[in-house]
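Those sequence lines, one after another, are chains A and B.
If you use the working numbering, the first sequence corresponds to residues 1 to 233, in order.
If you use the working numbering, the second sequence corresponds to residues 234 to 503, in order.
Accuracy of the hints is not assured; some may be wrong.
Unchecked claim - Quick list of simulated restraints, FRET-style, between CB atoms:
1. B:Val332 - A:Val10: 43 to 49 Å
2. A:Asp164 - B:His490: 33 to 39 Å
3. A:Ala136 - B:Arg281: 37 to 43 Å
To be verified - A few chain B residues that don't get close to chain A, going by computed Cβ distances all over 12 Å:
4. Tyr264
5. Ser282
6. Ile310
7. Lys327
8. Tyr353
9. Asp354
10. Glu377
11. Gly384
12. Asp394
13. Thr398
14. Ala436
15. Glu439
16. Glu444
17. Met458
18. Met473
19. Tyr497
Everything labelled a hint here was simulated from the structure, so no lab data went into it.
Everything numeric in this text was worked out from a predicted model, so none of it was measured.
For each residue, glycine too, the CB sits at the ideal point set by N, CA and C.
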Amino acid sequence: MNNQLHAHTVRAYSDELNALSDEIARMGGLCESQVSDCIAAVMRRDPALADQVVEGDHQVDALESATEKRVIRMLALRQPMASDLRATIAAYRISGDLERIGDLAKNIARRTHELNKSEPLELTRSVERMGKLVVANLHRVLDAFSAGSAEEAIAVCRSDEEVDEHYNSLFRELLSFMIEDPRTITASAHLLFVAKNLERIGDHTTNIAEMIHYLVTGNELHRDIRRDPGDVA
Amino acid sequence: MADSGTRSSTVYHDAAKTLQGKITLDGVNVYYGPKQAIHDVSMVIPDRSVTAFIGPSGCGKSTILRTINRMNETIDIARTEGSIRIDGDEVNSKAVDPVILRARVGMVFQKPNPFPNSIYDNVAYGPRIHGLASGKRDLDAIVETSLKKAGLWDEVADRLDQPGTGLSGGQQQRLVIARAIAVSPEVILMDEPCSALDPIATAKIEELIDELRENYCIVIVTHSMAQAARVSQMTAFFHMGDLVEYGPTEDIFTNPHEPRTQDYITGRFG
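Turn these sequences into a full structure, and let the hints guide you.
Following this line, the structure appears as structure tokens:
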């Protein structure tokens with residue numbers, strides 16, 4: 001992400017900045033597979049995969065803690081300025097969002113065991129579609145981070161509205177499902193939490209996109225540009 | 234400009250317009266003999282605020298600073314073109330007496346340079362030669378107020394008759410600032426005022442600069458970017474005689490627009 005800039009006069013400083021973005025990239029890759037694995041665990045009713053996701057969260061936490069330590073160290077010892085300052089602060093904030101995404105994936109994975117106790121629900125397919133969209137956005141935001149692309153970051157923010165719409169319609173469907181057949185309430189409630197967690201992952205993805213925009217341009221992403229110009233009436 | 238070869242580095246900033254302008258530089262060129270040291274610099278420096286000049290050695294930041302009180306005239310081969318105005322008054326006008334100008338525009342240098350006189354006389358010297366005090370009591374009051382404004386009074390009140398050169402480096406620098414303040418200047422120019430001081434003395438000067446900006450227009454040249462970030466409201470970045478970027482300090486240090494500024498303040502200059 002610092003590719004377009006010259007190297008620092010102090011090489012160790014450049015190395016640290018690069019290490020920071022490498023850490024974010026690694027953490028991001030890990031989170032992406034945690035999220036797609038937790039969805040797969042729910043869909044395939046696969047308890048072993050679910051346990052693997054729960055176990056994998058420790059790795060995400062460890063990376064977050066390492067990033068946090070590195071950021072504090074850099075602020076204390078290097079006093080980063082301008083784009084370096086933005087890169088450091090963005091890394092700190094992004095690692096926080098990724099850590100939350102990891103937690104939400106773990107929570108989804110845990111619900112596999114509960115969902116497996118009842119008959120599969122038809123609506124699980126809708127959740128899967130929503131999950132795919134969330135994973136695609138997460139993948140896209142991580143690409144935007146590597147490429148340092150503010151445009152892609154904006155696109156991710158816009159695409160989060162689709163995730164929200166998915167969630168809202170799922171919410172309504174699950175509600176009517178539960179009213180129609182109270183025997184499905186337990187499973188439906190778990191599925192609702194899965195959908196809610198996916199929606200939260202979408203929000204954290206948007207936060208990351210906003211940080212990337214700030215990192216690249218130095219400006220906050222204004223609420224207005226998050227919406228498609230077409231629907232700002 | 235008729236000379237098409239002149240590089241233009243005219244940078245006005247909106248923020249400078251919202252603050253009351255004190256000093257206006259318009260198309261300023263400075264030459265040392267045949268060598269052009271400053272290329273067409275135009276900027277508005279706001280009143281009652283601190284403006285920092287930063288840039289690598291030899292970028293022209295001190296030269297520009299010294300055009301404001303015509304200190305460059307003390308160098309034989311130096312020649313200044315363009316307009317420099319303080320509150321609209323042309324600094325280089327024939328009608329302006331450089332001695333009076335330098336009372337209006339005080340200056341503090343890198344190394345503290347107290348006169349080899351008592352602390353009292355160091356501060357009283359300016360008011361005496363400019364006839365600013367009507368008597369001994371008046372002069373006493375000026376000396377006390379100036380030393381208080383410079384944050385030195387409590388440390389020297391009981392030894393005003395002792396030589397100024399006997400003070401510590403940081404105290405000497407504050408003494409020199411008191412000396413500049415004593416003649417009621419409007420502008421205070423500081424050329425790396427802390428580079429010879431330890432961190433504690435530096436902090437005291439920075440605190441003083443922050444207090445002084447309520448009443449004065451302060452322009453400071455500094456090699457320490459952290460210092461520029463700490464004390465100034467506006468920052469100007471110079472490189473090879475050009476004013477590359479000028480804007481609110483916060484913007485310069487979080488989101489500079491020019492790649493050269495970015496490279497310099499992040500330590501990428503090579």
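- request: Please flag the earlier hints that this structure goes against, numbers listed from lowest up.
  value: Those not satisfied are hints 3, 17 and 19.
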